[in-house]
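Residue numbers (numbering that gives the first Met the number 0), protein chains in the order written: chain A, 0 to 256; chain B, 0 to 407.
Calculated from the structure, these hints are not laboratory results.
Among these hints, one or two may not hold up.
On the chain A side, residues computed to face chain B include the following (Cβ under 8 Å) [stated by the list, open to error]:
1. K42
2. I45
3. S46
4. L48
5. N69
6. E72
7. A163
8. V170
9. L171
10. Y174
11. L182
12. E183
13. T186
14. N193
15. L203
No farther apart than 25 Å at their CA atoms in a straight line, the calculated lysine-lysine pairs in the PhoX-like style are these [claimed, not checked]:
16. B:K266 to B:K337
17. B:K361 to A:K184
18. B:K345 to B:K266
19. A:K205 to B:K198
20. B:K163 to A:K42
21. B:K255 to B:K198
22. A:K42 to A:K85
23. A:K42 to B:K136
24. B:K405 to B:K235
25. A:K85 to A:K205
26. B:K235 to B:K266
27. B:K266 to B:K163
28. B:K266 to B:K136
29. B:K51 to A:K205
30. A:K42 to B:K90
31. B:K198 to B:K136
32. A:K42 to B:K266
33. B:K361 to A:K42
34. A:K42 to B:K337
35. B:K266 to B:K176
36. B:K103 to B:K51
37. B:K400 to B:K345
38. B:K235 to B:K163
39. B:K192 to B:K235
40. A:K42 to B:K405
For each residue, glycine too, the CB sits at the ideal point set by N, CA and C.
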Amino acid sequence: MTTLKILKYVVYDMLRSRMIIIYTALLFLVSFGIIYTGKDVSKAVISLLNVVLLIVPLVSIIFGTIHFYNSREFMEMVLAMPVERKHIFWAEYAGLSLTLAAGFTLGTGLPLLIYGGADGAIYLLLSGVLLTFIFCGLAFLGSVINKDKAKGIGFSLVVWFYMAVIFDALVLAGYFAFSQYPLEKATIIVSALNPVDLARIFILLKMDVSALMGYTGASLQQFFGSWFGMMYSGIFLLLWAVLPALAALRIFNRKNF
Amino acid sequence: MKLTLKILLLLAINFGLIQAKDVTVHQGESIKIAVQNCAAGDRIIVKEGLYKESEILINKPIELIGEGYPVIDGLAKGEIIVIRSDSVTIKGFYINNSGYSGMKDYAAIRVENSNHCTIQANRLINNYFGIYLANCKECTILYNEASSNAVSESSSGNGIHLWKCSGITVSNNTVTKHRDGIYFEFVTGSIVKNNSTFKNVRYGLHFMFSNNCDYENNVFSQNGAGVAVMYTKHVKMLNNRFENNWGANSYGLLLKDITDSYIYNNKFTANTVGIYSEGGTRINIDRNTFTANGYACKILGNCTEDTIRDNNFFINTFDITTNSSRNANLFTGNYWDKYSGYDMNKDGTGDVPYRPVSLFSKIVEETPEAIFLLRSFIVDILDAAEKVVPVFIPESLIDEKPRMKKVE
């Protein structure tokens with residue numbers, strides 16, 4: 000109950016900052032533009048994949064970090080009242096992620112809906128929402144570790160860059176280094192270490208099936224295409240959404256304001 | 000000599016010297032006996048019903064017509080109808096349960112050493128081979144349906160099987176759940192059109208050493224290994240559709256040592272590989288549309304003087320791949336949906352050449368598991384960098400005149 004009450008103020012605060020509205024409008028314009036110029040919805044979904052895998056994590060983690068530091072005074076004020084810390088934390092986390100996720104769903108989902116949707120569209124939206132929660136959690140983790148705002152934002156940027164680019168480069172280097180070995184199982188395990196990769200596989204399996212079905216990815220397709228594989232990627236995405244947030248909460252509980 | 004006899008026979012029929020007559024067979028009677036007792040030129044009309052017969056041998060020019068699809072049940076014993084005469088017509092039967100043998104190719108309808116036969120509008124269900132022509136000329140196979148229950152390649156037969164024939168027309172047939180839908184070996188000057196083959200365990204269409212044949216308006220879908228054609232010259236493939244051939248060894252169209260051929264206006268949709276060409280020489284691949292394939296074209300290094308012109312490439316994971324660092328084929332005037340160049344003089348042709356082979360496809364070729372990184376940001380960056388300064392991809396494999404708009 001307390002959480003909901005605080006949540007109301009957080010959401011109100013988020014909407015007042017107008018950032019979220021700009022974010023939604025931007026996503027809407029980009030998605031609409033891609034679909035409109037592409038004229039082929041299923042191809043547009045592939046282009047939108049990059050938006051979901053790059054922009055959504057970036058905005059979530061940077062905006063989340065800034066939001067946390069900006070809400071510091073508000074949090075301190077609430078902390079002065081007889082309210083448990085976890086209520087404040089969850090309210091902040093939920094308020095941030097929910098508004099960003101709503102903005103994303105509206106901005107990207109609306110153009111897809113207007114143009115009749117495509118096979119992968121629902122998975123695209125689902126993955127985008129999950130990524131929003133995941134990167135908001137990571138943003139909070141970075142913010143509670145670093146007291147300094149600039150340091151916190153820097154930390155977030157590095158985390159994003161690692162997840163979006165460096166991790167895949169390392170994996171690629173790994174493929175070159177160990178190309179003599181069977182790598183299917185290793186690939187499946189490694190995929191769980193990066194939510195962006197998990198989300199990408201999750202969406203691609205619904206769209207690029209023909210390629211993944213080929214002799215190249217037959218075993219990957221068998222794994223990720225099965226119910227077990229869907230559960231595997233789903234569960235790890237959820238873990239990525241919950242674990243960083245829980246870690247952040249632990250630190251937040253002991254933090255000296 | 001044969002021709003003279005035929006003319007004499009025709010004359011005889013025309014002048015009423017031989018009275019061609021209609022013979023009717025009812026349920027309970029034997030088709031075999033009716034065929035034995037009839038004369039050349041007769042018409043045998045088989046009424047609706049169940050006829051449990053096999054090895055019906057036709058050795059004179061007659062018409063065997065089924066009314067209301069009479070069922071001939073071979074009871075899994077040998078061949079069902081064997082034709083060893085010219086100008087025989089078989090029409091309107093439901094023929095099922097031919098024999099099965101590992102030694103002999105038992106067929107529902109077998110035609111041997113005969114010319115000008117017509118096999119029309121039959122339903123061939125649950126047979127080992129459907130229609131089998133050996134050493135025939137100028138025959139017509141049309142509007143038949145062949146459906147079996149093939150499980151493995153070794154224990155099943157082909158739907159329409161032609162060996163050493165010429166001038167055959169195969170049109171408007173449907174073949175499903177056989178080994179190969181349509182199989183040609185040493186067949187020349189024949190036409191295959193408006194057929195549909197699907198869900199066969201091996202190939203939808205399979206031919207070898209069959210020069211000068213035309214394939215038009217056929218649909219080949221969901222076959223175990225797609226379509227494979229080998230060791231043949233002067234093939235024409237127009238307006239066919241190759242769809243949904245998915246799997247580790249599945250190809251929309253596999254070309255092996257095909258020479259001087261023409262592949263025009265076909266649609267390749269959702270195949271693991273659209274066209275796989277090995278040892279293809281002087282093949283023109285024009286105005287085809289490749290949509291949503293894993294690999295649109297795999298053109299191996301031993302293909303020479305092929306022309307890939309005016310084709311459309313849409314949402315394929317990889318457009319062109321090859322295993323060679325050289326290229327001896329011409330790519331020009333195609334529409335590539337991944338092309339990002341510009342057209343300053345508005346002539347419809349992009350001013351920047353397009354390289355359809357991506358670095359990532361080479362990586363996947365070497366390390367199949369790397370498909371995991373498909374559409375990853377880092378892969379896009381690497382591909383873009385490689386396209387500017389090609390190091391790994393064949394430098395001469397390039398479309399100098401990529402289209403800005405798709406070919407209609």
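Taking the hints in turn, this is what the structure says about them:
1. K42: Holds. Min distance 5 Å.
2. I45: Result: holds, 7 Å to nearest chain B Cβ.
3. S46: 10 Å, violated
4. L48: Nearest chain B Cβ about 6 Å off; hint holds.
5. N69: 29 Å, violated
6. E72: 37 Å, violated
7. A163: Given a least distance of 6 Å, the restraint on A163 (chain A) holds.
8. V170: For V170 (chain A), the interface hint holds, since the closest Cβ of chain B sits about 6 Å away, which is under 8 Å.
9. L171: 6 Å, holds
10. Y174: Nearest chain B Cβ about 5 Å off; hint holds.
11. L182: At about 4 Å, which falls below the 8 Å cut-off, the nearest Cβ of chain B leaves the hint on L182 (chain A) intact, so it holds.
12. E183: 6 Å, holds
13. T186: Given a least distance of 5 Å, the restraint on T186 (chain A) holds.
14. N193: 10 Å, violated
15. L203: 6 Å, holds
16. B:K266 to B:K337: At roughly 19 Å apart (the allowed maximum being 25 Å), K337 (chain B) and K266 (chain B) satisfy the hint.
17. B:K361 to A:K184: Answer holds: K361 (chain B) to K184 (chain A) is near 22 Å, not above 25 Å.
18. B:K345 to B:K266: Status violated; Cα separation ~28 Å.
19. A:K205 to B:K198: 23 Å, holds
20. B:K163 to A:K42: 46 Å, violated
21. B:K255 to B:K198: Distance ~22 Å between K255 (chain B) and K198 (chain B) Cα, so the pair holds.
22. A:K42 to A:K85: Given that 25 Å is the threshold and the Cα spacing comes to 44 Å, the pair is violated.
23. A:K42 to B:K136: 49 Å, violated
24. B:K405 to B:K235: 23 Å, holds
25. A:K85 to A:K205: 38 Å, violated
26. B:K235 to B:K266: 15 Å, holds
27. B:K266 to B:K163: 30 Å, violated
28. B:K266 to B:K136: 31 Å, violated
29. B:K51 to A:K205: Violated, at roughly 50 Å.
30. A:K42 to B:K90: Measuring from Cα to Cα gives roughly 48 Å; hence the hint is violated.
31. B:K198 to B:K136: 29 Å, violated
32. A:K42 to B:K266: Holds - the C-alpha atoms of K266 (chain B) and K42 (chain A) are around 18 Å apart, at most 25 Å.
33. B:K361 to A:K42: Holds: K361 (chain B) and K42 (chain A) sit about 23 Å apart, inside 25 Å.
34. A:K42 to B:K337: 10 Å, holds
35. B:K266 to B:K176: 23 Å, holds
36. B:K103 to B:K51: 21 Å, holds
37. B:K400 to B:K345: 13 Å, holds
38. B:K235 to B:K163: 19 Å, holds
39. B:K192 to B:K235: 11 Å, holds
40. A:K42 to B:K405: 15 Å, holds
Hint check: violations occur at hints 3, 5, 6, 14, 18, 20, 22, 23, 25, 27, 28, 29, 30 and 31; the rest are consistent with the structure.
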